[in-house]
Amino acid sequence: MKRKPIIYILLLIIGLFVFAAVFAPLLSPYSPDAQNLCAGLSGPSVSHPLGQDKLGRDVLSRMIFGARVSLLVGLSVVLISLFAGFLIGAISGVFGGILDQVMMRIIDLLMAFPGILLAIALAAVLGPGIGNVIFALSLLGWVGYARLVRGQVLVEREKAYFESARALGAGWVRIIFRHLVPNLAGPVLVQASFGIAGAILAEASLSFLGLGTQKIPSFGSLLSHGINFLRTAPHLTIFPGLAVFLLVISFNLLGDFIADYLRVENKIKS
Amino acid sequence: MRSYFLKRLLWFFPVLLGVSLVVFFFIHLIPGDPVLMMLGESAQSGQVENLRHQLHLDLPLHRQLILFFADLLQGKMISIFYQKPVLEVIFPKLAATLELALSAMLIAILIALPIGILSALRKNSWFDFLARIFSLLGVSVPNFWMGPLLILLFSIRLGWLPVSGKDGILHLILPALTLGLAMSGFLSRMSRASMLEVLGAKYLESARAKGLKEAAVILKHALRNALIPILTVIGLQFGALLSGAVITETIFAWPGIGRLLINAIFSRDFPLVQACVLIISFSYLVVNLLVDLCYALADARVRLWREK
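For the record, the sequence lines run as chains A and B.
Counting from 408, one number per residue, gives the positions in the first sequence under this note's numbering.
Counting from 79, one number per residue, gives the positions in the second sequence under this note's numbering.
What the hints contain is simulated information worked out from the structure, not anything from laboratory work.
Note that CB positions come from ideal geometry on N, CA and C, so glycine has one too.
Computed cross-link-like contacts, SDA-like style, restricted to lysine to any residue with a CA-CA straight-line distance of at most 25 Å: (1) K461(A) <-> V241(B); (2) K622(A) <-> L114(B); (3) K622(A) <-> I108(B); (4) K622(A) <-> G118(B); (5) K85(B) <-> I505(A); (6) K674(A) <-> A271(B); (7) K622(A) <-> L117(B).
Non-contacting residues of chain B with respect to chain A, defined by C-beta distances greater than 12 Å in every case (computed): (8) L84; (9) L117; (10) A121; (11) E127; (12) L143; (13) L150; (14) Q152; (15) Y160; (16) E177; (17) Y281.
Only some residues are given here: those of chain B computed to face chain A with a beta carbon under 10 Å: (18) L99; (19) V101; (20) W223; (21) I329; (22) I343; (23) C354; (24) I358; (25) S361.
Looking at chain A on its own, in the form it has when it is part of the complex (with noise of 0.2 Å):
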């Protein structure tokens, strides 16, 4: 495969992230919340590789610490919505009638607002925390894999080992776990590649505002810190959104490449 490079620094660049995020207690030079008011917003130098906020704090300890929460966030939205999606888009797909219509019907009333706005306006009134956050994007997040997976579930009750698994009496729970998981994976994994993606940009967004964590530095809170110092300390801005572009391009040219091997796959089958 010719982009096989890529997908090893993309695997590099996602493993450094999540190494960091596990053990940032054993990582992190300082603890995130060491003050240190003398040293205020300090450039990068050798004892503090990225620098200092306006409280003396540790940029590079307080970053590593932010991608346990942009991870972490990323990862439970996504989780949560593909098991949720999941779960609804087959029933829908499998039963279809009116239960499949008020489906889709809820489905088209939540995808009727924009971006992520819903998230904006539910993480306001439940307040800061990374649980309301996980909440807030999870409650919008099934609709993208339950459309999904209803799509590929008309199309798979279409072929014949479907009709097979029935005509031998196998169970709605058999078919759905024994039979459409394993041959949903693929679209699956690739939405769930550019899911967490979207999410660790939701969450990022949401702390910009002021809507996410607050008491734990997260990527989008520490941007929101920097922006205040633009003039005389850009490192504050610079280095926690590059950590997020990073970690988003990683992820979205991730479902990329899965995309293009099932489709080769595909080809080769056919």
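Got chain A sorted already, so can you dock chain B onto it with the hints?
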């Protein structure tokens, strides 16, 4: 044709009602007493009761719902912070947001269409490679990073443009560029895909076989057909622009509805939050409806397929 238009229009109203219902229930999601949350724990009991009555929270849920819609339609929903009808507060800000969103859209179209079309015409060339990198960057660079980077370059380092506020065309350039660049990444990707699809069509071969010059084949036949889906994407991206404006307006202190929404959230002015979310969603729904109807008018295949 008429039946498709009617169906699409009839579906618009239940969705609008559903969106309003979701927004109505926002206030009931607030953990604890929403009135105390808005006024603070130190509020006097008279103030608390007044606001509870003003928001109809002292009534049963079904009556609250009826009065919510009655207030909304009669323009009687009052902002707690501004102490005047929410629509009076929102409309001047909406104009500023539309100015920003339309400028961003213009920038995105001017950048993305030529890039997308040229990269499809020169598929797998260096230009195509660079154009694809540009579109990937556009999609992946977050607004809240792009904005400060542009300020850093054009306002702080070069001193060419003002940092924030709204006072003439110079103030519009950076926020519009921030929003427009993000949209142009997606739009150039879609333009390229749409043009590539059209370039493989049989009718282009027929046009060439008739002896038409290549420029005429591209401009008269390919481009015209490729533009239909591109225009739909432009329309649908309007919603992304409106929600993206929340962040861009916050960065550049642009006095639009997005910044108003965030300020309303922090001043706990929930009627104004509800109204802002409703107005933004309503604009999005109207644009989507118009795009759908225009698409059906422009492309007979869609019309016939949907009528089936």
